[in-house]
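*Asks:* What follows is each chain in one-letter form.
Number of protein chains: 2
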Amino acid sequence: MKARVTVTLKNGVLDPQGKAIEGALSSLGIEGVTGVRQGKVFDIELSHTQPEAAEAALKDACERLLANTVIENYRVEILS
Amino acid sequence: MKARVTVTLKNGVLDPQGKAIEGALSSLGIEGVTGVRQGKVFDIELSHTQPEAAEAALKDACERLLANTVIENYRVEILS
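In the order they appear, the protein sequences are chains W and L. 1 is the number of the first residue of the first sequence in UniProt numbering; add one for each residue after it. 1 is the number of the first residue of the second sequence in UniProt numbering; add one for each residue after it.
Hint data in this document are derived by calculation from the structure and do not stem from the laboratory. What you were told as hints is all true, and nothing was included just to trick you.
Each pair may be met inside one copy or between any two copies, as identical chains are not told apart.
In silico lysine to any residue, SDA-like type, Cα no more than 20 Å apart, as pairs:
#1 Lys-59 x Ile-71
#2 Lys-40 x Ile-21
#3 Lys-40 x Ile-71
#4 Lys-10 x Glu-45
#5 Lys-59 x Gly-29
#6 Lys-19 x Gly-32
#7 Lys-2 x Ile-21
#8 Lys-40 x Arg-4
#9 Lys-10 x Lys-40
#10 Lys-40 x Leu-65
#11 Lys-2 x Gly-35
#12 Lys-59 x Asn-73
#13 Lys-40 x Leu-79
#14 Lys-59 x Thr-34
#15 Lys-59 x Ile-78
#16 Lys-2 x Ser-26
#17 Lys-2 x Ile-30
#18 Lys-19 x Ser-47
#19 Lys-40 x Asp-15
#20 Lys-19 x Val-7
#21 Lys-2 x Lys-59
#22 Lys-2 x Cys-62
#23 Lys-40 x Cys-62
#24 Lys-40 x Gly-18
#25 Lys-40 x Glu-22
#26 Lys-40 x Leu-14
#27 Lys-19 x Ile-71
Turn these sequences into a full structure, and let the hints steer you where they fit.
*Replies:* Below you can see the structure in the form of C-alpha cells.
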C-alpha cells in the first residue's frame, strides 16, 4: 500500500525559507510570484492491507515524528 | 491564483533522509512501514490570471531553481 503525507506550515507561522525562494525567483526574472511557502512530502510504502490501519499508523507517525503539530499541519492520503 | 509544486527524488536515487525516517518510525514502534522517500512541496501564490501562463512560469521556476532535474522530478498543479 502506498501513501503520501504532506506537512505544511500553519497559517501565521513565518516561513523565511519560502521568503528566500520568493526573492530568488524574482532575482531570476520569474515574474508574478506573490508568495511561497515550503513544506515536506513523504512517500511511504506500507505492508498494511487495510487502508484504515495504514491511515491510523500514518497519523500516529505524523503526530510523533513527521510533523511538529505546534506549527505544522499534516495531511495523509492513501494512494493505493 | 494558487499552485502547488511537488519535488520528489527520481527512482534509483538514494535517499538517506528517508531511510533515517524509516528507522526512526520502527524505533518508535510504528509497524508496517517498508519504505519512506522524502520530497519537498511548495505552495505558491501567483498574480497571473491565465492558468497556462502560471503553469509556464512555474515550470521555468522548477527547471531553474526549485528542482535539481538531474536527480529530482517535479509536478506542477494549478489549484485555483
